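Line order of the protein sequences matches chains D and H.
Residue 329 in numbering that gives the first Met the number 0 is what sits at position 330 of the first sequence, and the numbering runs on without skipping anything.
Residue 168 in numbering that gives the first Met the number 0 is what sits at position 169 of the second sequence, and the numbering runs on without skipping anything.
It cannot be assumed that every hint is accurate.
To be verified - Simulated restraints on C-beta separations:
(1) H:D59 x D:P302: 43 to 51 Å
(2) H:F471 x D:E51: 56 to 64 Å
(3) H:A65 x D:K77: 53 to 61 Å
Just so you know, these hints were derived from the structure itself, not from any lab.
Predicted model only: the values in this text are computed from it and were never measured.
Ideal Cβ positions, reconstructed from N, Cα and C, are used throughout, including at glycine.
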Amino acid sequence: MRRPSRRLVVLALALAMLSGAALAGPAAAKDTVVIYTALENEQITDYKQGYEKSLPNIDVKMLRFSTGDISARFMAEKDNMQADVIWGVAATNMLIFKNAGLLEPYAPKGLERIQPLFRDKTTPPSWVGIDIYMSAFCVNTEVGKKNNLPMPTSWADLTKPVYKGHLVMPNPNSSGTGYLSVVSILQRMGESEGWKYLDALDKNIAEYTKSGSKPCKDAAAGERAIGVSFEYVAQAMKKKGSPVEMVIPKEGAGYELEANGLTRKGKNNPAAKQFLDWAISNEAMGFYAKYWAAVAVAGFPVPEGLPKDISKVVYPNDFDWSGKNYNRILAEWTKRYAK
Amino acid sequence: MAILPADASAAAIPDSTVRHRLDGQTVLRYVLIGLLGLFLYFFVLYPMSQVLWRSLLDNDGGFIGAANYVRYFSTPAIAASITNSLYVSVVAMIITVGLAFVYAYALTRTLMPWRGVFRVIAMLPIFAPSMVQAIAFVFLFGNNGIWTRTTGINIGVYGAKGIVMAEVFYCFPHAMLILIAALSASDARLYEAAAALGASRLKTFFTVTLPGVKYGLMSACFVVFTLVITDFGAPKIIGGKFSVMATEIYNQVIGQQNFTMGATVSVVLLIPALVAFVVDRLVQRRQYALVSSSAKPLEPRKNPLVEGGLFAYCVIIAASITSIYLVTLVVSLVARWPYNLTLTLKHYSFDAVGVWTRLFGTVYVYTPLLNSIYVSLLTAVVGTAIAFIGAYLVEKCRTVASTPLYMISLLPLSIPGMVLGLAYIFTFNVSGSILNRLYGTLAILIISNLVHYFTVPFLTATTSLKQMDAEFENVAASMGVPFYKTFWRVTVPIALPSIIAISMYFFLNAMVTLSAVVFLVAPGTELAAVAVLLMDDAGDTEQAAALSVLIVAVGLAVRFVYWLAMRRVTRRAQAWTQTAPDQLTVMGTGSLA
């Protein structure tokens, strides 16, 4: 009986040491920065190569959810703040954070290069934008042909009965893309007409997804015919070999800025500021410009397949209105369409 | 006369020494019992009270009584999730138990070939998160699934239909294990009597077989019902617009961070789970009395016709289960399903956040998978220690605390994982509290797992301790051996098969669980099952499939090691006894709730 017990002791000790070592974490004295982000996974993987090389002293811990989800989590933790930095979250949500007193104004290095549209108007700014993205439809041509669906060209087309059950759209509660689409429709048509339009659209929607990219990815996989999504993911899916076409609605696409900010965590974290400096550097802008039609610093080339001048295809967004009415619009939307 | 030597030896030891030693041991016992009590208080009772309390508050912390409940039941769209949940749970329960009964019957009551193979294949879903079944059904029966593309028939998998299909496969092994146990415990004398009385096979089936397993059937029903109503992985993926209570909690908490509403739905979700749990306990208590010690095990007899039919049935079921994992594997290995079928490993280079950890040299591991293995390993080690020592303290050190501790130890079985996760947010995400230290760590994930899955190991350990004669302790104590030495040298080695089975149970469940941990993962502590969910949320279905394949592979590998260890232990330490061949079976099922 003695032998197995002794072995058990050794095993237990080994496991205890293993656990102790792992819980204590890496011994290297790196500065930790906790980042909350809504950027796309595959983009972060790309950007990571940049910040890991440029900021070797920083250990980045990142949490990624869709815009609404990461925002809700950040707000819920306001008394026990975990995040140091917000990176790439919709400007609308940044406005809400700012009004709730959750952001520490900070002027990152190189702020003067940022175009005026892309930053908070106060100085120092509470948030600084990095890119613009806009709503776009992803249409699977193969599925469309099989179901005899005409190619939609406008928001108005999407309410036609022929598309019933073939549309997917992100839930604006969780998805920034979903919210910008809804808010742009409400701003363009006015609230009463806008909700009437959304009622009609709802009849055709097969599912409201959690993330803004999933509708397009579902269309690309052939699971759905048309996904209301955003332009980058449409291009990415096309490049991956799916039979999808990107459609920018002719009434004008909704758009949104993605922005960064320093959180009001109560303690000074120089590494967080260092990261924010990097996040608007030319190196970072170069990364963003691989994916987006417009970035915060002028002069970067536009990726292939995207409109050269986006001001011609988007419908102007009143960010203040969008932020102020955020909760009201989402509550109304939930009352009408959440099942 | 016989008393004399004992008296003499006792006299040889000074009285004070005996007293002192006894006191020291008693103190140690009370300290250990106290620690167990603290553990159960801080990680079970207190968090659960927080959920109940929060459901009575508004989001700013003001007391509003039952207003949340009124709002919940008066919002038709949200209240629909209750009937939806009950509907899919009952339908999935009926189908699963029906299918599993025939399967288990074929495995236990016939001599058909390949019984072992069928059994192993049916166990596969135990190794996968509940989402895998749903993902596979999308690939098979989705709008662009294999079936739909080749036949042109769209069965409309998104919604209740898809949820039921996915849950049936997810719950199948759990029901099968219970029914195998029930069908194995039969009394051949009853069948002999039936035959002597001239009853037909059909009549015997309805008058002997079915009544004999009725408690097993009921138990299987409750387990499946609870598994389905508390699962949110499958409805999340394949539910479409069909909302159930578990996804409702997820949406309220993760999507809107509306914690009070999450708490409200949680309390409502507790009710059916609690009812199922209580009824199941009552049923199980009666079941033990069913097979008497003089029962004769039933020896199945050859019957080619019945066997042929059942064999075909088992082939169909086993092939369906296999096809789920096969399709998941294939999708994870091709470039762009279904448009580009070139083989590739690119979906295994996961690009979700948190990404890769360098093990050594150029060997990198996907961090969430590494976290999962690590968390599961520690859950297994720590959980086994707490469950076994806890059961020992309750069973072998009788105090006034024994009964309450036993009752509280049973409680986690009836707590749905999401409710536990939410309770932990309320308990640990409080600034200024010492408990806050645990928030966002791997430790809280380990604790939530070991509480979530505490009851079954605790009961297994209790059963195995009950089987041990109290004479061991009595003799040791009278010889002056301290109880902890007896525990280590006698109790643990005898119970080694149970202990290994318990650790296996903890490991496998911790590997695939989603419900409690989905609320608790933080930057740097992402787990594989949660990553699968997030990947699918983001539309990266192929990557979700690839990561699922790896989760299953880890589970199977560990199961294999377990099998080796068990064989060794049975051969060496247990040479004197005849233990059950597979303690995992004795433990009944995997992950209730």
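Going through the hints against the structure:
Remark: the range hint 43 to 51 Å for D59 of chain H to P302 of chain D is upheld by a beta-carbon distance near 45 Å. Between F471 of chain H and E51 of chain D the beta carbons are some 59 Å apart, a value that agrees with the proposed interval 56 to 64 Å. Between A65 of chain H and K77 of chain D the Cβ separation comes to about 27 Å, which falls outside the hinted range of 53 to 61 Å.
This entry does not satisfy hint 3, going by the numbered hints stated previously; all others are met.
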